[in-house]
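Chemist: For what it's worth, this note's numbering labels the leading residue of the sequence shown as 1, then goes sequentially.
If you're looking for bench data, these hints aren't it; they were derived computationally from the structure.
Just to be clear, a hint being listed does not mean it is correct.
Claimed, not checked - Pairwise CB distance ranges, derived in the manner of DEER restraints:
1. V258 <-> L13: 41 to 47 angstroms
2. I101 <-> D271: 38 to 44 angstroms
3. I50 <-> I225: 36 to 42 angstroms
4. T284 <-> G170: 25 to 31 angstroms
5. A273 <-> D168: 23 to 29 angstroms
Ideal Cβ positions, reconstructed from N, Cα and C, are used throughout, including at glycine.
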Amino acid sequence: MKSAVGSVKSNTLSIVFSDFKEITKAKLAVSVVFSSIAGYFLGAYQVDLISLLLLMFGGYCMVGASNAYNQIIEKDLDALMKRTRNRPIPSGRMSVRTALIIAVTLTVLGVLALLALSPKTAMFGAISIFLYTSVYTPLKTKSPLSVFVGAFPGAIPFMLGWVAATDDFGIEPGTLFMIQFFWQFPHFWALGWMLDDDYKQAGFKMLPTGNRDKGTALQIILYTIWMIVISIVPVFGFTGRLNLSITAAIIVFLSGLVMLFFAFKLYENRDNASARKLMLASVTYISLIQIVYVLDKFIS
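Please construct the entire structure, taking both the sequences and the accompanying hints into account.
Modeler: The following block contains the structure:
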């Protein structure tokens with residue numbers, strides 16, 4: 001009997017933990033935290049473990065809160081899409097009240113953790129939640145400009161790490177912001193291309209032309225080119241302490257060309273398979289160049 005009760009409790013806890021990961025989009029949150037850590041290492045004169053832990057915890061909380069608010073607002077729309085109908089709220093496994101408690105708790109904890117680093121860090125974290133929840137989310141059903149608006153909070157994490165390490169916002173974190181800002185357009189449009197049918201079920205307008213056509217594919221190519229240009233700018237030496245060696249710049253440039261190749265393949269084929277390859281290439285690209293930037297700082 002005790003064994004059966006223990007098994008039930010274990011299964012319940014497993015479901016609760018699984019739903020918490022889903023309401024906060026744990027994989028996405030971890031990737032965002034990774035960007036913040038990269039930015040921290042780039043900005044730090046010396047690494048402070050407590051500061052790094054506060055950034056990781058605060059960053060996860062802020063991203064998790066944003067995603068929880070998003071799923072509360074879009075609960076009825078999520079129920080219309082195959083990809084999202086089994087999320088905790090539309091499936092009925094979690095109440096809106098519980099999700100709101102999680103979101104508010106994570107917001108408070110996240111702001112406090114980032115405030116312990118610096119007021120600027122907390123401010124940018126709070127701005128990202130506000131833009132994601134109050135501007136980007138409601139705009140998704142109104143206009144393709146939602147991707148442009150969403151690129152602002154999405155670009156904050158990389159620069160947030162630098163601000164957390166230095167308590168300063170200048171050309172260096174601004175450059176990191178621009179890299180991740182331009183990267184998001186090919187990344188999210190590739191994702192939007194793959195999920196276009198599902199998105200249209202909920203009335204989301206994610207592609208720039210509204211359709212999977214040459215116009216959308218051409219814009220993906222153009223933004224990918226801008227992303228490559230911005231990513232190698234630090235090699236020219238006018239971005240303050242943010243520097244890039246020639247070797248690192250070549251690696252970053254070649255990585256960008258790989259992504260650009262898949263963007264051209266999408267333009268040529270205009271199919272989901274090509275969009276998926278571009279999306280995966282974009283995920284690899286942003287992680288790779290962040291690693292290259294950090295290694296280059298400590299090696300060169």
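Chemist: Could you say whether the range 36 to 42 angstroms given as a hint is met by the Cβ separation of I50 and I225?
Modeler: holds (41 angstroms)
Chemist: Looking only at beta-carbon atoms, does the pair I101, D271 fall within the given range of 38 to 44 angstroms?
Modeler: holds (43 angstroms)
Chemist: Quick check: does the Cβ-Cβ distance between A273 and D168 fall within 23 to 29 angstroms?
Modeler: violated (45 angstroms)
Chemist: Is the hinted range of 41 to 47 angstroms satisfied by the C-beta distance from V258 to L13?
Modeler: Cβ of V258 to Cβ of L13: about 43 angstroms, so the range 41 to 47 angstroms holds.
Chemist: At the C-beta level, are T284 and G170 separated by a distance inside 25 to 31 angstroms?
Modeler: At 29 angstroms between Cβs, range holds.
The structure fails to meet hint 5 from the earlier list, while all remaining hints are met.
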